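There are 2 protein chains.
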Amino acid sequence: MPELRKDPITGRWVIIATDRAKRPTDFVREKVQIHGSGFCPFCPGNESKTPPEIHAYRSAGAKDTPGWTLRIVPNKFPALGIEGTLNRQGVGLYDKMNGIGAHEVIIETPEHQLTLATLPVRRVEDMLWAYRDRILDLKKDRRFKYILIFKNHGEAAGASLEHTHSQLIALPVVPKRVREEVDSAKDYYNFKERCIFCDIIRQELEDTVRVTAENQAFITLAPYAPRFPFEMWIVPRVHQSAFEESQKHEFEQLAAMLKDMLMRLDKVLDSPAYNYIIHTSPAPEVSNDYYHWHLEIMPKLTKVAGFEWGTGFYINPTPPEESAKFLREALLPATT
Amino acid sequence: MPELRKDPITGRWVIIATDRAKRPTDFVREKVQIHGSGFCPFCPGNESKTPPEIHAYRSAGAKDTPGWTLRIVPNKFPALGIEGTLNRQGVGLYDKMNGIGAHEVIIETPEHQLTLATLPVRRVEDMLWAYRDRILDLKKDRRFKYILIFKNHGEAAGASLEHTHSQLIALPVVPKRVREEVDSAKDYYNFKERCIFCDIIRQELEDTVRVTAENQAFITLAPYAPRFPFEMWIVPRVHQSAFEESQKHEFEQLAAMLKDMLMRLDKVLDSPAYNYIIHTSPAPEVSNDYYHWHLEIMPKLTKVAGFEWGTGFYINPTPPEESAKFLREALLPATT
Chain L
0 MPELRKDPIT
10 GRWVIIATDR
20 AKRPTDFVRE
30 KVQIHGSGFC
40 PFCPGNESKT
50 PPEIHAYRSA
60 GAKDTPGWTL
70 RIVPNKFPAL
80 GIEGTLNRQG
90 VGLYDKMNGI
100 GAHEVIIETP
110 EHQLTLATLP
120 VRRVEDMLWA
130 YRDRILDLKK
140 DRRFKYILIF
150 KNHGEAAGAS
160 LEHTHSQLIA
170 LPVVPKRVRE
180 EVDSAKDYYN
190 FKERCIFCDI
200 IRQELEDTVR
210 VTAENQAFIT
220 LAPYAPRFPF
230 EMWIVPRVHQ
240 SAFEESQKHE
250 FEQLAAMLKD
260 MLMRLDKVLD
270 SPAYNYIIHT
280 SPAPEVSNDY
290 YHWHLEIMPK
300 LTKVAGFEWG
310 TGFYINPTPP
320 EESAKFLREA
330 LLPATT
Chain F
0 MPELRKDPIT
10 GRWVIIATDR
20 AKRPTDFVRE
30 KVQIHGSGFC
40 PFCPGNESKT
50 PPEIHAYRSA
60 GAKDTPGWTL
70 RIVPNKFPAL
80 GIEGTLNRQG
90 VGLYDKMNGI
100 GAHEVIIETP
110 EHQLTLATLP
120 VRRVEDMLWA
130 YRDRILDLKK
140 DRRFKYILIF
150 KNHGEAAGAS
160 LEHTHSQLIA
170 LPVVPKRVRE
180 EVDSAKDYYN
190 FKERCIFCDI
200 IRQELEDTVR
210 VTAENQAFIT
220 LAPYAPRFPF
230 EMWIVPRVHQ
240 SAFEESQKHE
250 FEQLAAMLKD
260 MLMRLDKVLD
270 SPAYNYIIHT
280 SPAPEVSNDY
290 YHWHLEIMPK
300 LTKVAGFEWG
310 TGFYINPTPP
320 EESAKFLREA
330 LLPATT
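For the protein sequence lines, the chains are L and F, in the order given. For the first sequence, the residue numbers in numbering that gives the first Met the number 0 are 0 to 335. For the second sequence, the residue numbers in numbering that gives the first Met the number 0 are 0 to 335.
Everything labelled a hint here was simulated from the structure, so no lab data went into it.
Chain F side only, calculated, beta carbon under 10 Å to chain L, not exhaustive: (1) Val90; (2) Phe149; (3) Ile199; (4) Met297; (5) Phe306.
Bear in mind that the values here come from a model prediction, so they are computed numbers and not experimental data. Each residue gets a CB set at the ideal place from its N, CA and C atoms; glycine is no exception.
Using the sequences and the accompanying hints, generate a full structural model.
Here it is as structure tokens:
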């Protein structure tokens with residue numbers, strides 16, 4: 000008998016197939032491979048092929064020349080424009096406004112062949128600092144209500160360039176899904192006077208079956224009601240409402256945890272395409288007791304089809320207890 | 000400057016690219032082709048390879064033998080089980096219940112090579128009657144709160160068998176996304192004392208730019224804030240809260256409209272994969288003044304990536320005014 004499970008934060012039900020659970024090798028998918036053939040606008044020497052850099056970490060060289068280890072540029076085909084006013088208006092019964100926002104690309108390394116799983120952990124930490132730097136800078140612009148950091152890895156997950164990069168989008172509204180998640184956590188807090196994520200961490204550390212990894216500052220778990228097989232959440236142990244408020248030791252520990260988890264996914268699922276997303280508090284309510292920032296990783300193993308689009312109800316063929324076990328038990332080589 | 004538009008029913012914002020709008024030929028995708036090679040469990044003669052039929056329209060033959068023109072069978076790999084009780088329970092702070100529900104397949108024709116766009120319109124109408132028959136039958140079971148009808152056409156849209164078919168899933172809860180849409184329409188009704196969909200139809204018929212087709216009983220429009228390029232909604236002109244309450248002349252007109260629209264999509268987008276979903280009232284509130292059933296068609300032209308997963312905010316590269324125009328102006332051959 001399949002099981003219906005409810006996500007305690009969003010209230011979303013998912014169907015967990017318990018009878019005929021899919022193992023890692025049951026998923027048909029294309030392995031993410033880096034071909035490195037053809038022209039790459041993110042490689043050193045091609046700096047003029049992107050818009051001028053916003054920021055870079057570099058050991059040598061001038062702006063928009065080689066010598067960088069990490070580079071941040073505006074997206075060449077931005078979804079939103081940075082200049083102008085929102086100009087909210089009605090159109091009969093409809094509502095619209097100008098597409099104001101920022102859309103940036105974080106190029107995590109000059110080396111085309113590397114991924115977050117194969118980069119030195121120090122470079123992964125740099126990427127986290129870059130996320131923080133950009134969030135803090137963009138939050139000075141009061142037009143922006145939410146800043147989203149995400150990564151599409153592999154073509155199946157929506158990456159259009161194979162050179163590893165993350166994206167940032169600053170939005171003039173708090174998106175509905177974010178609003179729902181934050182408000183639901185707030186309702187829980189108002190009723191219980193406890194953070195729901197802190198409660199989840201406590202219960203998961205007792206149950207242990209869905210915990211995949213732990214270090215001093217973070218735990219990684221397969222959530223109780225995951226939408227997708229092998230969905231993983233990295234959550235700070237101690238309550239913290241916003242990613243950008245993390246401290247040095249937290250970024251070190253997060254870099255290690257993220258790299259480790261991506262190596263495990265590569266090992267267990269043979270280098271899958273994936274998306275990850277940082278879920279954090281909206282800009283106008285950055286420090287609070289009710290929302291707990293975290294990072295959600297979703298390997299791209301299944302297709303979303305009519306049922307999911309029609310209901311927001313997901314069918315997940317792999318129980319999280321199984322995916323956590325596979326990832327926990329993966330043997331990894333020693334890393335840098 | 001891109002434009003942010005708000006869906007008036009769900010409150011979801013979308014980004015509409017107005018500068019660099021994508022035309023039909025700009026989308027990279029695989030054309031849906033029917034190969035017809037290999038064994039097909041949905042073809043006549045192979046009736047024993049599916050679970051025993053629930054219902055069929057047939058001119059000859061006994062149950063589970065050839066002679067049918069439409070056949071309904073339980074899904075061989077159901078997402079939910081039909082027998083048992085819900086047994087709702089808590090697991091610490093989590094909630095779960097048994098995966099009770101129905102999961103059925105409607106095989107729309109015995110002919111492997113046909114699609115809804117190439118079937119005679121009379122057969123498309125039969126399919127609509129079959130949807131209705133199954134909904135009315137399943138609604139007798141009080142455990143089911145929502146019955147979803149959907150179609151995945153083409154592998155990219157999640158179809159695992161190429162022989163044309165639709166699916167039905169009966170659920171023991173009203174899914175969150177359905178609840179949101181229905182409640183939002185109810186809020187509008189409570190405030191305005193008018194159905195929001197009736198208001199949309201009135202405004203769209205005045206504006207005309209997003210209307211793709213009309214007949215006596217239905218209009219097809221590109222919604223004001225579509226998530227996906229070439230998303231289309233078929234809406235009954237006269238207020239009706241539930242699909243299954245449609246009358247004979249409405250099914251005739253819907254069959255003609257649906258076939259026409261799928262032919263236009265095939266023509267303009269070169270036989271794309273697509274999903275369609277019937278949005279209708281939950282079983283316990285079938286007749287009401289606030290919700291207006293409709294059918295949503297979403298061609299599979301773009302990939303959903305980190306940004307959409309993180310926010311529920313969609314980036315749509317084709318304004319609906321453009322997609323409506325392309326579809327409206329498509330020249331079609333005369334049909335049966």
